[in-house]
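**Student:** The whole structure should be built from the sequences, with the hints applied where relevant.
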Amino acid sequence: MRLDVLVPTLNRAPLVERAVRSVLRAQQPYGLVVHVTVICNRCTDDTVDRLAVLQQETPGRIAVIHERRRGKSRALNAGFAATTGDLVGMIDDDEEVDSQWLIRIAAAFTDRSLDFVGGPYVAVWNARSPKWVPEDYLAVIGDADGGPEPREYGPEFHPMLKGGNAVIRRSTLYRVGPYAEYLGPGTYSRLFSCEDEEMHWRLVKHGARGRYLPDLVVYHHVSPSRVTPEYFRRWCFWRGVSRGLMDRRHPLPVRYLAGVPRFLCGRALTSLVRLASTPASRRDPASRMADELRLWDLAGYWYGRHVYTLARFSPVQSRRKAPTPWPAPPPAEVVTTAGLEGVIGPDDDFLIPGKPAA
9 MRLDVLVPTL
19 NRAPLVERAV
29 RSVLRAQQPY
39 GLVVHVTVIC
49 NRCTDDTVDR
59 LAVLQQETPG
69 RIAVIHERRR
79 GKSRALNAGF
89 AATTGDLVGM
99 IDDDEEVDSQ
109 WLIRIAAAFT
119 DRSLDFVGGP
129 YVAVWNARSP
139 KWVPEDYLAV
149 IGDADGGPEP
159 REYGPEFHPM
169 LKGGNAVIRR
179 STLYRVGPYA
189 EYLGPGTYSR
199 LFSCEDEEMH
209 WRLVKHGARG
219 RYLPDLVVYH
229 HVSPSRVTPE
239 YFRRWCFWRG
249 VSRGLMDRRH
259 PLPVRYLAGV
269 PRFLCGRALT
279 SLVRLASTPA
289 SRRDPASRMA
299 DELRLWDLAG
309 YWYGRHVYTL
319 ARFSPVQSRR
329 KAPTPWPAPP
339 PAEVVTTAGL
349 EGVIGPDDDF
359 LIPGKPAA
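Read in order, the letters of the sequence shown correspond to residues 9 to 366 in my numbering.
Quick caveat, the hints were computed from the structure, so don't treat them as lab data. Treat the numbers as computed from the prediction; the structure is a model and nothing was measured. Among the clues, some could well be false.
[Stated by the list, open to error] Label pairs and their in silico Cβ distance ranges:
#1 153 x 9: 23 to 33 Å
#2 74 x 118: 27 to 37 Å
#3 64 x 264: 51 to 61 Å
Just so it is clear, CB atoms sit at the ideal spot from N, CA and C, and this is done for glycine as well.
**Tutor:** Next comes the structure, spelled out in structure tokens:
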């Protein structure tokens, strides 16, 4: 079984080098062939030079490809098209995988009925977490935990499959289709998101079976530039815009008010009342920030649902089309190796169908 690990990157040479080295250092189980593909998304720094050194140190284990169309979804789709492994793993360039990451993957996919797996992000802080950071918004800085027990993804389990710690069977991706290129960080806003959420919806819609594994751990390094109230506000607004756009293809099974899920309006109204009625000096900084961010959630969702599609810089044509299906997978071929015959072939929040968590 072969695992292709995709790492999209844009001008973060030291970070992507660290991410790739973590995969190479991880314990590799017998029977799992691991290959890393870095997708340079119009990099202009020394990313290619640094990776060339790694390629010399580990011949045959690292590939570097270039995707000139900027956008994380486009980079991931290019990486998928350029690889052939039975499993496709994805991590972000500011992460490191746990030493047992590959072992957990190999063990999970001995279950042939399993289509995808995901796991937690553990935040690595360079300094102490500020007191104003709300627990409900840790995803802003890449801290996500679905609990201590393995769980099946589905209506009874609200966390979704996140693209910074995901492994999907190639055969399942052929069935479900590529990442939606109108979502995710890209040309128009670095804080666009929801490409993972949209993929998760399609996996569930197609009946793919997935499992959350609490010991499939990645470590996410928190950049100091993200630990500011301004960054949190921008992140929440553009996540709301992304969800408003996605709502056109994947409306939630809830009641709406003016094109926005009514529960979002209710949460924002409650937060607004608290902000207006209670002096800042008498409130916990984290709870006050959480109330403010709920207003940005609502504003972004409304803007994405009603306004963004009219904006001149909006990729309208891409948004109106469903993701282009993958080409048909190559046929399996029978091979004989050392007398053994076998078949080789390609093999936050309201995130899934069902009422979202409050």
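**Student:** If a hint holds in the structure, say so; if it doesn't, say that too.
**Tutor:** Okay, the hints, checked on the actual structure:
1. 153 x 9: 23 to 33 Å: holds, 28 Å
2. 74 x 118: 27 to 37 Å: holds, 35 Å
3. 64 x 264: 51 to 61 Å: Check passed, 56 Å falls within 51 to 61 Å.
Hint compliance for this structure: every hint is met.
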